[in-house]
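2 protein chains.
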Amino acid sequence: MAINHRMPRNEEGIATVVGVLKQQFGDRFQTGDAIREQHGHTTTWLENQWPDAVVFAQNKDEISEIIKVCATHKVPVIPFGTGTSLEGHVNAPAGGICIDVMQMDKILAVYPDDLSCVVQPGVTREQLNIHLRDQGLFFPIDPGANASLGGMAATCASGTNAVRYGTMKDNVMAVEVVMADGRVVRTAQRAKKSSAGYDLTRLMVGSEGTLGLFSEITLRLQGIPEAISSARCTFPSVDAACKTVMQVIQCGIPVARIELLDALQVKACNAYSKLDLPEEPLLLLEFHGSDAGVIEQAEMFGSIAEDQGGRDYTSTTSTEERNKLWQARHDAYWATLQLRPGAMGISTDVCVPISRLAECVSLTQERLKVDGFISPIVGHVGDGNFHCLLLIDKENEDEIMRAATFVSWLNNLAISLDGTCTGEHGIGQGKMPYLERELGSATVDAMIAIKGALDPDGIMNPGKVVRG
Amino acid sequence: MAINHRMPRNEEGIATVVGVLKQQFGDRFQTGDAIREQHGHTTTWLENQWPDAVVFAQNKDEISEIIKVCATHKVPVIPFGTGTSLEGHVNAPAGGICIDVMQMDKILAVYPDDLSCVVQPGVTREQLNIHLRDQGLFFPIDPGANASLGGMAATCASGTNAVRYGTMKDNVMAVEVVMADGRVVRTAQRAKKSSAGYDLTRLMVGSEGTLGLFSEITLRLQGIPEAISSARCTFPSVDAACKTVMQVIQCGIPVARIELLDALQVKACNAYSKLDLPEEPLLLLEFHGSDAGVIEQAEMFGSIAEDQGGRDYTSTTSTEERNKLWQARHDAYWATLQLRPGAMGISTDVCVPISRLAECVSLTQERLKVDGFISPIVGHVGDGNFHCLLLIDKENEDEIMRAATFVSWLNNLAISLDGTCTGEHGIGQGKMPYLERELGSATVDAMIAIKGALDPDGIMNPGKVVRG
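Residue numbers (the working numbering), protein chains in the order written: chain R, 1 to 468; chain U, 1 to 468.
The following block holds chain R by itself, in its conformation from the complex (with noise of 0.2 Å):
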């Protein structure tokens, strides 16, 4: 089953280190089992891999004092937050030192004029914006799980609003990262824009911790819009779904989600969530602006739906039938779950040119029916972007192999339509084969060349995106 491997262990560097870690960090520092495993935890196939210790730190002083103890010793360290990433990012396939940042959670600058802000790395998601809620402000970054904002950078997550307002590398400012020999970098000021030296901001967020750990994160925020309104509509076919996507991407207008559920999705939504849709492939959309702004673009976005077969479009203003229905599809994983009760949910992510979004959806369905497969496709459509939950049985190997052929497959079919292997769970360890095939291995020497250059002897979460 497992497509990540062991790599060779340390033993006298981590016995040392452990020694040295526990007289300092006392009931911080932990050893068991269940901690150990919880770290180690991935929410994919791969194998769960644990650390040798899970330290709690409490400030950027202590994650440097860390990861200067495991430089000397050459003893790997993990980044932990909230363990919601799907490519095996927390592993420690060599051991090694879990940091775990959720400690570190306090909101330490709110600039309302600037509209930023300036957090810790174990702020979630969720807590950050019931906290921005009352100046009139909200992080837009959504990737369905409330993440933390460390993670979320680490990652470059993305999700339901970036068709909108970016990913992560779009919102993140600037980062505080201690790097692998213990010493702080600031990657930038709280200016808007800057062209001073190489942004080392844009290059550490989505470098999966194997360049450094976050210590502090400087955030763009959004001033929360006047107006929103969703709406949803039924089509004939994904093929007509995406090709509706497109439209409105091309006539510009700036819808702040739309997510497309294939009809298999949209029935287990149903059964979970308690809806009446139609069991058609599904757009759900939202638009932001103010209240004349709004209409015009559900206006706009209607006459677009129509041409292309689109039935039951309905938008509203309504709150509480807004919820439902971004509940419903927050929920969609566990929906999902339920339509083969037991079974693994295997997510897979690919994205691709919006052009190619239509092709891309219709030959990966009809692949899944040819496999068998019990799987609903959703997606970040305007991005080009979706992902498919395989529903497998853990113990049936030869149903893992056929996931894992399945997945190989579409990683492929993406890359050969000018896409990419991931629109936003990461590399980690699962897509490490992909990343080669997408880029070349002039690229990809380049990267191990940074790594080298900034992690020498590779103790930054080692084992993921690129060897070195």
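Hints are computed from structural coordinates only; laboratory data are not their basis. Ideal Cβ positions, reconstructed from N, Cα and C, are used throughout, including at glycine. Don't take each hint at face value.
[Stated by the list, open to error] A few chain U residues that don't get close to chain R, going by computed Cβ distances all over 10 Å:
1. ALA15
2. ASP61
3. ASP307
4. ASN396
[Claimed, not checked] For each label pair, taking beta carbons as the anchor points, the in silico distance ranges come out as:
5. R:MET401 to U:ASP134: 50 to 60 Å
6. R:PRO278 to U:THR319: 38 to 48 Å
7. U:ASP134 to R:ASP418: 51 to 61 Å
8. R:ASP418 to U:GLN127: 23 to 33 Å
[Claimed, not checked] If we take Cβ atoms under 10 Å as the criterion, some of the chain U residues that face chain R in the derived model are:
9. ARG9
10. ALA188
11. ILE249
12. VAL352
13. ILE415
14. LEU439
Position chain U relative to chain R; hints supplied.
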């Protein structure tokens, strides 16, 4: 006068490379004084430092070959587009070979369905926009000069439209880069977003030719808006204008342009462009959207401006009037030079959080007055970014020294206000002293480590951004 330094020359290597490339490129390899001087051109007070030769490349294989020859003999390579950069980016402090990419001027592909295109580095932004017009598309980044897109990507250009559409960093989707060893790296495919590996695209954008030379650039495009309107409003003080800008941004009005001209700049523009604007601080605006949307934006702006004492507010959808106003804004540089005929203009650039903008501009005006400089202020104030253009007698050593002191003071002021020493011009040679002051030595050391990993012999545009 020079704050740029000469670096040691590798005479033997240079002689060998000149011999080899002359043989290979014939007429496209030039060593005449005029052409070398033009290619060591710098638009600031920095001393011109000529390359030993200029070679006009026509494709990426040629760029790769040239760089391989230079790498073998450890000879500097300096990329050159239109030569409109402002901080000595194209100087050759250690001599070497200038690669002029202006014959690589093909638009290789336009993907209207995906709102993207692929260009060679010598395509200029005006050339691209003329090409795109019939397809209802445009590329929004407008730094003023009709720069090459390769140069704009290298310096992370932005300009008047950045407040709405972002900088080059937000609009370059992928680059193909010839690295210091001659290998060709493609940083991304064409999907709108990706979490696949380190973000080499954004590392390369703004790296000023010090990590590699762009051979292809994939750009994000925009649909030409249904409606465009422009507006202008006069304010009793720079402070009132800046406060208006801050509120406009906070309210989420999606202005496409919002430019500040101080009273002296308005005076210069009146004289040069034959206008009769009130000679007081002025905001120039542009709104993009639907017909109803631009009217709504203009009304919202008007109401905020009135609260801050704004006067003579006019908005128009007339293309002719709009072009006249924006032409005057684009000619501001030439208009300013007329304020002191024969003087040299020193353009400098800082950017601060928008909440500090009024303070930063006011302190700058005071200091300019105390120092007795003639220097209008213009700014892309929606981003907190502004420029001074000091008019200096280039024969007067004392004046030049005082200008250097002022520039240093201004950079330090911006940094002390949590801003950056360059919002859009880049570091080049001129801003190198400020980078460490802004970000600290650990950060600059990380940049030097990356430079060392990707260009171990330091041949790519040496003496710019960071040493190494």
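So, going through the hints one by one against the coordinates:
The non-interface label for U:ALA15 is consistent with chain R: the shortest C-beta to C-beta separation is roughly 30 Å, beyond 10 Å. Distance check on U:ASP61: its Cβ is at least 14 Å (rounded) from any Cβ of chain R, clearing the 10 Å threshold; non-interface status holds. Consistency note on U:ASP307: stated as away from chain R, and its beta-carbon is indeed over 10 Å from all of that chain's, at 16 Å minimum. A cut-off of 10 Å between C-beta atoms confirms that U:ASN396 is not in contact with chain R; the least separation is 30 Å.
Under the hint 50 to 60 Å, the C-beta atoms of R:MET401 and U:ASP134, about 52 Å apart, fit the expected range. A hinted range of 38 to 48 Å holds for the C-beta pair R:PRO278 and U:THR319, which are about 46 Å apart. Between U:ASP134 and R:ASP418 the CB atoms are about 24 Å apart, so this pair departs from the stated range of 51 to 61 Å. Checked against the hint of 23 to 33 Å, the pair R:ASP418 and U:GLN127 passes, with Cβ atoms roughly 25 Å apart.
With 10 Å as the threshold, the beta carbon of U:ARG9 stays out of range of chain R, its nearest partner Cβ sitting at about 26 Å, so the hint is violated. Here the hint on U:ALA188 is kept, as its CB sits about 7 Å from the closest CB of chain R, short of 10 Å. The beta carbon of U:ILE249 is positioned within 10 Å of a beta carbon in chain R (closest approach about 7 Å), and the interface hint is therefore held. Annotation: interface hint on U:VAL352 holds; nearest CB of chain R at approximately 6 Å, less than 10 Å.
The restraint placing U:ILE415 at the interface with chain R holds, with a minimum CB-CB distance near 7 Å, inside the 10 Å limit. Hint status for U:LEU439: holds, given a least beta-carbon distance of 6 Å to chain R, under 10 Å.
The earlier numbered hints that this structure contradicts are 7 and 9.
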